[in-house]
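S.K.: Sequence:
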Amino acid sequence: MTAFAPENRVVIAKISAVYGVKGWVKIHSFTDPISNFFDYSDVYFCKSGKWQRAEFDECRAHGKGIVGHLKGVDDRDVAAAYCGLELSVAETLLPKLGSDEFYWHQLTGLKVATVYSSAEPVLLGEVSHLLETGANDVLVVRQCAGSLDDKERLIPYVPEQFIKDINLETGLMLVDWDPEF
101 MTAFAPENRV VIAKISAVYG VKGWVKIHSF TDPISNFFDY SDVYFCKSGK
151 WQRAEFDECR AHGKGIVGHL KGVDDRDVAA AYCGLELSVA ETLLPKLGSD
201 EFYWHQLTGL KVATVYSSAE PVLLGEVSHL LETGANDVLV VRQCAGSLDD
251 KERLIPYVPE QFIKDINLET GLMLVDWDPE F
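Count along the sequence shown starting at 1, add 100, and that's the number in this note's numbering.
Calculated directly from the structure, the hints in this document are not laboratory data. Predicted model, so just to flag it, every value in this text is computed and none were measured. Accuracy of the hints is not assured; some may be wrong.
FRET-style restraints, in silico, Cβ to Cβ [what the hints assert, rightly or not]:
hint, residue 1, residue 2, range
1, Glu232, Glu260, 16 to 26 angstroms
2, Gln206, Glu260, 17 to 27 angstroms
3, Gln152, Asp276, 41 to 51 angstroms
Within a straight-line C-alpha distance of at most 20 angstroms, the following computed PhoX-like cross-link-like pairs (lysine-lysine) qualify [stated by the list, open to error]:
hint, residue 1, residue 2
4, Lys147, Lys114
5, Lys150, Lys122
6, Lys114, Lys150
7, Lys114, Lys164
8, Lys147, Lys126
9, Lys147, Lys164
Ideal placement from N, C-alpha and C gives every residue a C-beta, glycine not left out.
Working from the sequences, and respecting the hints, build out all of it.
M.R.: Below you can see the structure in the form of structure tokens.
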């Protein structure tokens with residue numbers, strides 16, 4: 101595994117558990133579909149404060165997930181030390197999206213203001229993270245400086261119905277959401 105000082109990185113997967121006794125690990129892919137994980141060969145992780153290239157000598161689909169064997173790791177106990185590590189790629193390697201499409205990492209940290217029954221937007225908080233629920237993704241919005249109150253809100257990511265505008269340059273997302281919820 102070679103060291104590297106990476107540019108802007110985006111987490112695409114996480115090593116979740118060991119698999120078997122010969123150094124294999126389970127990989128939880130955040131890509132959609134999961135198989136898109138195989139499209140990336142330049143994958144890195146940060147271990148003990150040092151960035152290292154994740155060199156898999158074999159990786160394959162297994163059930164609803166992925167299993168992989170890190171080069172030079174041939175023991176279950178050694179593989180266990182990699183559990184919990186996030187696997188990332190350079191942001192420039194991600195596929196380009198349409199003008200009205202966004203990656204989750206772009207939404208995290210945006211301020212969220214509601215235009216629900218108000219002439220002026222009311223700040224609800226900022227996007228902490230997103231949840232994948234099956235029906236639709238959900239924004240977890242937590243309080244921030246200047247927000248209406250200290251409530252945590254779960255706002256369905258449904259463009260046009262609830263999500264009215266996203267401006268990455270200003271860092272603001274406008275939603276149509278009742279501030280009481």
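S.K.: Could you run down the list of hints and mark each one as holding or not?
M.R.: Evaluation of the provided hints:
1. Glu232 with Glu260: 16 to 26 angstroms: 20 angstroms, holds
2. Gln206 with Glu260: 17 to 27 angstroms: 19 angstroms, holds
3. Gln152 with Asp276: 41 to 51 angstroms: Distance hint for Gln152, Asp276 holds at roughly 45 angstroms.
4. Lys147 with Lys114: Satisfied, since the Cα-Cα distance of roughly 13 angstroms is no more than 20 angstroms.
5. Lys150 with Lys122: Since the Cα atoms of Lys150 and Lys122 sit roughly 25 angstroms apart, the hinted pair is violated (cutoff 20 angstroms).
6. Lys114 with Lys150: 17 angstroms, holds
7. Lys114 with Lys164: 15 angstroms, holds
8. Lys147 with Lys126: 17 angstroms, holds
9. Lys147 with Lys164: Distance ~27 angstroms between Lys147 and Lys164 Cα, so the pair is violated.
Hints 5 and 9 from the list above are not met by this structure, while the remaining hints are.
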